[in-house]
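Colleague: Residue strings, one per chain:
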Amino acid sequence: MSQTAIHVENLGKQYRLGQQVGNYRTLRETLSGRFGAKKAPEEQKALLPESIWALEDVSFDVEQGSVLGVVGRNGAGKSTLLKILSRVTEPTKGLVEVYGRVGSLLEVGTGFHPELTGRENIFLNGAILGMKKTEIEAKFDEIVSFAEVETFIDTPVKRYSSGMYLRLAFAVAAHLEPEILVVDEVLAVGDAEFQRKCLGKMSDVAKEGRTVLFVSHNMSAILRLTQETLVIDKGHLLLRAPTVEAVDFYLSRGLTQEGQRLWQPDEIPAQAAPFKPVAVRLLDKQDHVMEAARCSEPFYLEVEYQLHKAIKGLRVGIYILTSQGEFVFTSFDTDDPEKFEEYSQRPAGTYKSRVEVPPYLLNGGRYVVGVNASSYRIKTYFHDEQALAFNMDVTGAPGTQWPENRLGPVRPKLTWQITQTNGGGE
Amino acid sequence: MVSGKQSVEERSVTRTEARKIIIRPTSGWAALNLRDLWVYRELVYFMTWRDLKVRYKQTALGAAWAILQPFLTMVVFSIFFGSLAGVPSDGVPYPIFSYTALIPWTLFSKALQDASRSLVNSSHMITKVYFPRMILPLASVLAGIVDFLIAFVVLLAMMAFYHVVPTANIWTIPLFLILALITATGVSLWLSALNVLYRDINYVLPFLTQFWMYITPIAYPSSMVPEKWRLLYAVNPMTGVVEGFRWALLGSGQAPGMMTLVSTLVAIVLLVSGMFYFKRMERLFADMV
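Protein sequences appear in the order of chains A and B.
Numbered per the numbering used here, the first sequence spans residues 26 to 451.
Numbered per the numbering used here, the second sequence spans residues -6 to 282.
Hint data in this document are derived by calculation from the structure and do not stem from the laboratory.
Small disclaimer: the values here were computed from a predicted structure and weren't measured.
Yeah, the Cβ is synthetic: ideal placement off N, Cα and C, and Gly gets one too.
Among the hints, erroneous ones may be present.
As the list claims (entries may be wrong) - Taking lysine to aspartate or glutamate pairs in the EDC-like style, the calculated list, with each CA pair at most 20 Å apart, reads: (1) B/K13 / A/E115; (2) A/K337 / A/E366; (3) B/K121 / A/D86; (4) A/K157 / B/E275; (5) A/K377 / A/D360; (6) A/K118 / B/E275; (7) B/K50 / A/E167; (8) B/K46 / A/E140; (9) B/K13 / A/E34; (10) A/K364 / A/E351; (11) B/K13 / A/E122; (12) B/K46 / B/D29; (13) A/K377 / A/E329; (14) A/K377 / A/D309; (15) A/K158 / B/D29; (16) B/K50 / A/E140; (17) A/K158 / B/E35; (18) B/K121 / A/E115; (19) B/K121 / B/D29; (20) A/K364 / A/E410; (21) A/K232 / A/E253; (22) B/K121 / A/E202; (23) B/K46 / A/E88; (24) A/K377 / A/E410; (25) B/K13 / A/E410; (26) A/K310 / A/E329; (27) A/K364 / A/D309; (28) B/K13 / A/E202; (29) B/K13 / A/E88; (30) A/K222 / A/E270; (31) A/K222 / A/D179; (32) A/K157 / B/D29; (33) B/K13 / B/D29; (34) A/K301 / A/E410.
What the hints assert, rightly or not - Per the computed footprint, the stretches of chain B lying under chain A, defined by three or more beta-carbons under 8 Å from a beta-carbon of chain A, are: (35) 14 to 20; (36) 47 to 53; (37) 134 to 147; (38) 227 to 233.
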């Protein structure tokens, strides 16, 4: 009955820095590396930590038919784990045994070609995901009706609306019927309807006795859908526990880690001078860096920067964007006319601009912090629209007795009055 | 298990691959794992089909490109090498002589061009889904067969026009086509894997193809090469291919012999070494592409 679906033993994955996505070598670099040509000191410094362990000494077993949550901050190694399980990348150490086909809702639409029709893409995408032609033919009608694209099935998908495209892509992935399903942050993409479908499919899959690995930043979804959860941090498996316990551990411990962005010298454009951004941080009341904020508590955003020369009329501010890239609000440190007067000129030096964001403002979900440093109508010194990402946890927010996703980026605590007007009572 | 019956039914459909998969680090010269390639054989077909479909949907001239490239090259060669320079053509009309060589050559050079970029162009797939990566360069090579066939029909028409009767050896053409495909696949595996690691390949390739064309008897007959150098000359497998095509269709050039053998052996070495090199580098693709 309780057979093992996934067995992971001492799994480790090492990335040589400079080997990460997009950092291909050129022949010249390899040659000069081989023959020991001197690198510029700055370049050498950037390369100093030669390699990092994205995953180290991770061991666990998953029973067939269970739904296991995986949580961890960005870069904790969750994606690396999933990539190893789905055989996209190889581990550096250790062993994984997987019983059955691994499918992933992360792969939605992989290999879709805009020029091809819906029908053609179903076959192509199905084959890429590892389905046999006969299998796709058998499920073809089901896929089409699930995606609700019957009338457009022979139209190139480049003419599809984004909703249709997503539905079709999801329909193919959902009908793969793998023994093991891996779901990575599906809740971050698509509309509410799409998310509902994803979650519905996930629970169906689990009910059929298949195994689900669910990776998410959305604690309420993790709580709702999983019984057990792994907490991963800095490549290590910290805890495996019943979900309620694991989420509590993650949220309380997560508050001491990360949640800050330090700009590397090569990330700062030359035209930023004399402004030099140092860091942006998400802080709690006690000035501790945290990676997730709670709706029910205030949190603080701090931008640290240096001025190599005095700047007139400088304003340093933040944007908050949703994970879909919609702006929620913008705020500058000299919005207050008195502050603007006081800091009409900032002399050279190191500064921190810090803002308190009140509780009951943002809804649960993932948000992105952008940073802007400019002098109005004169110059934008520095601008980074995606400096930092963090999660808002809805625990304690109004209306959490209903475990549903609330629409909209804000979740204010409002006062309602309910009066009966048909003269009932007194 | 709640719905035991249902899942048993479904297993019968999907269980074909529901085998235990062991994932562990590989190092050095990994085994080829051709079984996996076999399991995914349908994907080879679908990827080839996609390459063709997209090409013909996106280009204005579509299938005409398959003919235009070798045909126009043939015209230029005929004017400059055939007429003006007076390059000999073993007694066959020069246009037929060069076009016969240009068909397998175009297959080869196009395969190199498409296959070397195949991995980089499909990086979104490589970083998200597992499948034997070899499928990508392989599909690029195979897609060229359709172009080849179209161009071949034109050749037959040209031969009719020039009243050149194909020899009885025409049945060996598929063998020489296979030799061309083996060569193209071998070189493509090397180039596509190298291109992931070193993008220099994009710059090397035009030069390489041009260079390779000069050392292949396309514009000139191999009989121009001194006898004692012929075997060395045949180390280029495309020499064996081109000579074979001319021999089978036009009855000119060298009958299959030592040169063909040398070419075939080199082609096989290219293919096998290419497969091993590709396999060795495969595990880095997802991290580096």
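Colleague: Compare the structure with each hint and give your call.
Modeller: Verification of the hints:
A hinted pair counts as satisfied when its Cα atoms are at most 20 Å apart, and B/K13 with A/E115 qualifies at roughly 17 Å. Between A/K337 and A/E366, the direct Cα distance comes to roughly 11 Å. Compliance with the 20 Å bound is thereby established for this hinted pair. Distance check on the hinted pair: B/K121 and A/D86 sit about 23 Å apart at the alpha-carbon level, beyond 20 Å; violated. With a C-alpha separation of about 24 Å, the suggested pair A/K157 and B/E275 falls outside the 20 Å cut-off, and the hint is violated.
Restraint check for A/K377 and A/D360: the C-alpha separation of about 16 Å stays at or below 20 Å, so the hint holds. The hinted pair formed by A/K118 and B/E275 meets the criterion: a straight-line CA distance of about 17 Å does not exceed 20 Å. For the hint pairing B/K50 with A/E167, the CA-to-CA distance comes to about 28 Å; that exceeds 20 Å, so the pair is violated. Pair hint B/K46 plus A/E140 holds up; C-alpha atoms about 9 Å apart against a cutoff of 20 Å.
Between B/K13 and A/E34, the direct Cα distance comes to roughly 15 Å. Compliance with the 20 Å bound is thereby established for this hinted pair. Of the supplied pair hints, the one linking A/K364 and A/E351 is violated, its CA atoms being roughly 28 Å apart against a limit of 20 Å. Between B/K13 and A/E122 the CA atoms are separated by roughly 7 Å; this keeps the pair inside 20 Å, and the hint holds. Distance hint between B/K46 and B/D29 is unfulfilled; the C-alpha atoms sit about 26 Å from each other, more than 20 Å.
Proximity of A/K377 to A/E329 is assessed by CA-CA distance (about 4 Å); at most 20 Å being required, the pair is judged to hold. Restraint check: the Cα-Cα separation between A/K377 and A/D309 comes to about 15 Å, which is no more than 20 Å; the hinted pair holds. Proximity of A/K158 to B/D29 is assessed by CA-CA distance (about 17 Å); at most 20 Å being required, the pair is judged to hold. Annotation: proposed proximity of B/K50 to A/E140 holds, straight-line Cα distance about 7 Å (limit 20 Å).
Of the supplied pair hints, the one linking A/K158 and B/E35 holds, its CA atoms being roughly 7 Å apart against a limit of 20 Å. A threshold of 20 Å between alpha carbons decides the hint, and for B/K121 with A/E115 the separation of about 13 Å falls inside it, so the pair holds. About 18 Å separates the Cα atoms of B/K121 and B/D29, which keeps this hinted pair within 20 Å; it holds. A threshold of 20 Å between alpha carbons decides the hint, and for A/K364 with A/E410 the separation of about 24 Å lies outside it, so the pair is violated.
Between A/K232 and A/E253 the CA atoms are separated by roughly 16 Å; this keeps the pair inside 20 Å, and the hint holds. Using a Cα cut-off of 20 Å, the hinted pair B/K121 and A/E202 holds, with the two alpha carbons roughly 18 Å apart. Simply put, B/K46 and A/E88 have alpha-carbon atoms about 43 Å apart, too far for the 20 Å limit, and the pair is violated. Restraint check for A/K377 and A/E410: satisfied, since their Cα atoms lie roughly 19 Å apart, inside the 20 Å limit.
At most 20 Å may separate the alpha-carbon atoms for a hinted pair to count; B/K13 and A/E410 exceed this at roughly 45 Å. Proposed proximity of A/K310 and A/E329 is supported: the alpha carbons are some 17 Å apart, at most 20 Å. Between A/K364 and A/D309 the alpha-carbon distance is near 24 Å, which puts this suggested pair outside the 20 Å criterion. For the proposed pair B/K13 and A/E202, the alpha carbon gap of about 17 Å is at most 20 Å, so the pair holds.
A distance of roughly 14 Å separates the Cα atoms of B/K13 and A/E88; the hinted pair therefore holds under the 20 Å criterion. Between A/K222 and A/E270 the CA atoms are separated by roughly 27 Å; this puts the pair beyond 20 Å, and the hint is violated. Taking the CA atoms of A/K222 and A/D179, the gap is about 24 Å. The hint is violated against a cut of 20 Å. Annotation: proposed proximity of A/K157 to B/D29 holds, straight-line Cα distance about 14 Å (limit 20 Å).
Between the alpha carbons of B/K13 and B/D29 the distance comes to roughly 13 Å, so the proposed pair stays at or under 20 Å and holds. The hinted pair formed by A/K301 and A/E410 meets the criterion: a straight-line CA distance of about 16 Å does not exceed 20 Å. Taking a C-beta to C-beta cut-off of 8 Å, the region 14 to 20 of chain B contributes 6 residues in contact with chain A, enough for the three needed, and the coverage statement holds. With 3 residues having a beta carbon nearer than 8 Å to a beta carbon of chain A, the region 47 to 53 of chain B meets the requirement of three or more and the stated coverage holds.
Counting residues of the region 134 to 147 of chain B whose C-beta sits closer than 8 Å to any C-beta of chain A gives 0, which falls short of three, so the coverage hint is violated. Chain A is given as covering the region 227 to 233 of chain B, and this is violated because 0 residues of the stretch bring a CB closer than 8 Å to a CB of that chain, at least three being needed.
Checked against the numbered hints above, the structure breaks hints 3, 4, 7, 10, 12, 20, 23, 25, 27, 30, 31, 37 and 38 and satisfies the rest.
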